[in-house]
Amino acid sequence: MPRRTSRTALDRLRTPGRFPGFLKTASVCVLIAGLLSPLSQAAAAETAAVEAAAANDYCGGRCSDILPPGQNGNATLAQILLNQAFGTQPAHAEDQLGPYADLAKGHTSLTNATINNFFNDASFGVPADQVASTVKPAGRSDVTIVRDKKTGVPHITGTTRYGTEFGAGYAAAEDRLWLMDVFRHVGRGQLTSFAGGDPSNQGLEQEFWRNAPYTEADLQAQIDNAVATNGTRGQQALADVNAYVAGINAYIDASDSGRSFPGEYVLTGHKDSVTNAGTIDHFKPTDLVALASVIGALFGSGGGGEVNNALSLMAAQQKYGVTEGTKVWESFRERNDPEAVLTVHDGSFPYASAPADPQGEALPDAGSVAEEQLVYDRTGSAATSSAGTASTTAAKTAVSSAKRGMSNALVVSGEHTASGNPIAVFGPQTGYFAPQLLMLQEIQGPGLSARGASFAGLSMYVELGRGQDYAWSATTSGQDIIDSYAVELCQDDYHYLYRGTCTAMEKIEQKNAWTPTTADGTAAGSYTMRVWRTEYGPVEYRATVGGKKVAYTTLRSSFMHEADSIIGFQMLNDPDHVNSPQTFQSAVQHINYTFNWFYADSEHTAYYNSGDNPVRATGVDAEFPVWARSAYEWRNWDPTTNTAQYTPASAHPNSIDQDYYISWNNKQAKDYTTASWGDGSVHRGNLLDDRVKKLVASGGVTRASLVKAMADAGLADLRAEDVLPDLLKVVNSSTVTDATAAAAVSKLQAWVTAGTKRTETSAGSKAYANADAIRILDAWWPLLVKAEFEPGLGSDLYTAFTANLPVDETPSAAHGPTGAHAGSSFQYGWWSYVDKDIRAVLGESVQGPLAQKYCGGGSLTACRDVLISTLKEAAGKTAAQVYPGDDLCSAGDQWCADSIVQRTLGGIKHGNISWQNRPTFQQVVEFTSHR
-5 MPRRTSRTAL
5 DRLRTPGRFP
15 GFLKTASVCV
25 LIAGLLSPLS
35 QAAAAETAAV
45 EAAAANDYCG
55 GRCSDILPPG
65 QNGNATLAQI
75 LLNQAFGTQP
85 AHAEDQLGPY
95 ADLAKGHTSL
105 TNATINNFFN
115 DASFGVPADQ
125 VASTVKPAGR
135 SDVTIVRDKK
145 TGVPHITGTT
155 RYGTEFGAGY
165 AAAEDRLWLM
175 DVFRHVGRGQ
185 LTSFAGGDPS
195 NQGLEQEFWR
205 NAPYTEADLQ
215 AQIDNAVATN
225 GTRGQQALAD
235 VNAYVAGINA
245 YIDASDSGRS
255 FPGEYVLTGH
265 KDSVTNAGTI
275 DHFKPTDLVA
285 LASVIGALFG
295 SGGGGEVNNA
305 LSLMAAQQKY
315 GVTEGTKVWE
325 SFRERNDPEA
335 VLTVHDGSFP
345 YASAPADPQG
355 EALPDAGSVA
365 EEQLVYDRTG
375 SAATSSAGTA
385 STTAAKTAVS
395 SAKRGMSNAL
405 VVSGEHTASG
415 NPIAVFGPQT
425 GYFAPQLLML
435 QEIQGPGLSA
445 RGASFAGLSM
455 YVELGRGQDY
465 AWSATTSGQD
475 IIDSYAVELC
485 QDDYHYLYRG
495 TCTAMEKIEQ
505 KNAWTPTTAD
515 GTAAGSYTMR
525 VWRTEYGPVE
535 YRATVGGKKV
545 AYTTLRSSFM
555 HEADSIIGFQ
565 MLNDPDHVNS
575 PQTFQSAVQH
585 INYTFNWFYA
595 DSEHTAYYNS
605 GDNPVRATGV
615 DAEFPVWARS
625 AYEWRNWDPT
635 TNTAQYTPAS
645 AHPNSIDQDY
655 YISWNNKQAK
665 DYTTASWGDG
675 SVHRGNLLDD
685 RVKKLVASGG
695 VTRASLVKAM
705 ADAGLADLRA
715 EDVLPDLLKV
725 VNSSTVTDAT
735 AAAAVSKLQA
745 WVTAGTKRTE
755 TSAGSKAYAN
765 ADAIRILDAW
775 WPLLVKAEFE
785 PGLGSDLYTA
795 FTANLPVDET
805 PSAAHGPTGA
815 HAGSSFQYGW
825 WSYVDKDIRA
835 VLGESVQGPL
845 AQKYCGGGSL
855 TACRDVLIST
865 LKEAAGKTAA
875 QVYPGDDLCS
885 AGDQWCADSI
895 VQRTLGGIKH
905 GNISWQNRPT
915 FQQVVEFTSH
925 R
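Each step along the sequence shown adds one to the number in our numbering, with nothing skipped, and position 536 is 530.
There's no promise every hint is true.
No more than 20 Å apart at the CA atoms, straight line, and that leaves these computed lysine-lysine pairs for PhoX-like [to be verified]: (1) Lys741 / Lys664; (2) Lys313 / Lys780; (3) Lys702 / Lys99; (4) Lys780 / Lys871; (5) Lys143 / Lys130; (6) Lys741 / Lys751; (7) Lys723 / Lys702; (8) Lys760 / Lys99; (9) Lys664 / Lys687; (10) Lys702 / Lys687; (11) Lys702 / Lys751; (12) Lys313 / Lys847; (13) Lys847 / Lys723; (14) Lys687 / Lys99; (15) Lys866 / Lys723.
Pair ranges (Cβ atoms, derived) [to be verified]: (16) Gln639 / Thr209: 22 to 32 Å; (17) Ser574 / Glu503: 44 to 54 Å; (18) Glu324 / Glu365: 53 to 63 Å; (19) Gln639 / Gly341: 15 to 25 Å; (20) Ala645 / Glu503: 36 to 46 Å; (21) Ala874 / Thr105: 22 to 32 Å; (22) Thr269 / Ala874: 45 to 55 Å.
Think of the hints as simulated: they come from the structure by calculation, not from any bench.
Ideal Cβ placement from N, Cα and C applies to all residues, glycine included.
Work the whole structure out from these sequences, hints included.
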């Protein structure tokens, strides 16, 4: 029986993607006929305009970008019904999806001249013959929104700062109003009441509200603090936000009166399609903070997992004793692996290193840990088993340190390029959605000059993109800014000792209820989410330590500070601020999200790792929970404001004009520990580093050759490229006599020779070259890892380590915040462990080896037997067993299992595309001159 696609985090959002059968009858045509006129009238009201290419553009036509599926993320009810019934697409809803998909097979023959067959021209302005529409929103004379014919991207030009930001808000709502509304409710923990009670919606709001359980007062306090502590820039940020919100609300009013608002409001019961009764609530500044809390939790909040770390350490010590068990644990943790690929090649940046004499550790008593309950008072459909499963999955994802932020970057110094100008190919991997979480825009006004992508609802500034003579991008870094504290309970389970005083926990509640709608037929239900907050953060677990009852809390340096980063983004958009690598670095130092930032202009490149890294007390190990006592608190920590002493900018990994930079969420620099496991000898960052290093060694790098390197890495199977050759060495250390094993080895070897890509036989074939070898490895990897490590580690420790780091992350797996069919793959897995262990068994040199040899107990012969027996088992598995099928793909359809889907967050659906492991939004830039 086909399994259903596992849905996690954003993937679990229930939206109007599945309608009752009656909507797919002839009545659809009747509904459409009565709904098209307002849209046509709105289109007819637009007048043509002429806008020349901007004189402040120093890229010389060498800046490009792409963001599938398309710019238009709003659809009227008529357009949704047409899409659901006949597959038709609104204008600009998916015109960037085809070029994006085509690069998978088209990159091999790429030239500089053909780059824009696969990307958009990201030059400033719109040529006169390419102007599709010109609008002065709300009749304002100080701002104009021009949209281009090819992609419909808004080019916002203002003569006043207020008007410019008003236009940005108006354009954002015009392109993403429904999505923005969804996510302001996710951030407030109110999704089910807004969009329906499907278990996936329940899980999504629980996951994010658990980490950021803010009241309205908390959200407003964040705004007040950001303004108060940032002088003139803080005041300007507030003015920009108010103007932006006014623009959003002006579009809401215009679309309501013109009846051109997103059709999802009708399908979820907020508006009546016949009478137009109902309301679309206006936005307010605190909604933007709620939105930012979701984005920060998804992509820019490294750390956590200390309780899980404690559990695996205890399992190791139980197995091997304290001394040897700790050594084994540290070898798997790979805090500072000497074989790890680095973004910064030189220097040392110590952070979160293992202390010589740990202090204050509060490890739980064996078997005492219980996850804190979040959901209470379930009624109706909230009390079903599927709702409970959604809650369990949400909780597991929320507390993991393996946050799949994704994203990659390739940046080459002008010293190694054909033109002498630096070249960058970079962008964030934010999953694939319809509409997309990000949106494109160009914004030009007083103190603002940029084009690029921003998260919908936060586009008062371009967050990732290009300025007049520079470009920037980011990848998730994941360094640890989250710590777990064990607070001692007193009086009852809801009081704790705070600096010697028995103090009441603060109860924060969110009550949600829902009824069936056209979009979501889930039966009526309700529940209450309840979080207990302490000065040390929200309670995450309950346990005992040395027999004492404790609550484990989670303290994040960005907690109550999601709004602070607005200053850094404001600076990035300001051409008077950013004019050099140094001023770029000064801008991103104001961003407290944990990101790697990259920069390129016509002469220089640069890198900086951002985030508020707390200075921990001497002896505190960031990997484990510590006692909630003054001696172990962050230095100069003020619980009232959740501020502390942070590591200085010079202590963050940073660099200017290195020969090249790569990042694919790998280790930033020597001695710099990230919170997630897996920064070892084999990491997907190696796929980029190996290719870029070769290009740089040869010299004459071009935009096309750097795009080719990215695209080639994006089709590679990391396990096959970097680990499989050594596995085959062991297998072939003597003649393979078993026919089944020999046939499998032959197929795997042929795949290695062909380049270990997961790519179609030809464009559009929907069948992989080397399909059998790919199937065999997909089946073999989990079998060989278990057989290699579990006998030596024991089942308890093996299971504990897999909770710290999953064994595998293939394209067909459901993983991370975006679920299955998400593109991003090979970020977390045991490939480094297998690599180090197999090389050790082969007698090869290994820097930073595992504490013991595991495969076959260290015997080459016994290890070979393990590999051959598991290989035979894998080879015997059918495609239907390896790829069981889901709600999109039939069992055994390998290509479909890997394929990328634009997950519906609204009513418009798109077809799936062939797998690529690359950024969702991506830039290709090479500036030819400088101001």
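A quick look at each hint next to the structure:
no.	hint	verdict
1	Lys741 / Lys664	39 Å, violated
2	Lys313 / Lys780	17 Å, holds
3	Lys702 / Lys99	11 Å, holds
4	Lys780 / Lys871	17 Å, holds
5	Lys143 / Lys130	18 Å, holds
6	Lys741 / Lys751	13 Å, holds
7	Lys723 / Lys702	30 Å, violated
8	Lys760 / Lys99	12 Å, holds
9	Lys664 / Lys687	19 Å, holds
10	Lys702 / Lys687	14 Å, holds
11	Lys702 / Lys751	14 Å, holds
12	Lys313 / Lys847	16 Å, holds
13	Lys847 / Lys723	17 Å, holds
14	Lys687 / Lys99	23 Å, violated
15	Lys866 / Lys723	17 Å, holds
16	Gln639 / Thr209: 22 to 32 Å	27 Å, holds
17	Ser574 / Glu503: 44 to 54 Å	49 Å, holds
18	Glu324 / Glu365: 53 to 63 Å	26 Å, violated
19	Gln639 / Gly341: 15 to 25 Å	22 Å, holds
20	Ala645 / Glu503: 36 to 46 Å	40 Å, holds
21	Ala874 / Thr105: 22 to 32 Å	42 Å, violated
22	Thr269 / Ala874: 45 to 55 Å	51 Å, holds
In this structure, the hints that do not hold are numbers 1, 7, 14, 18, 21, in rising order.
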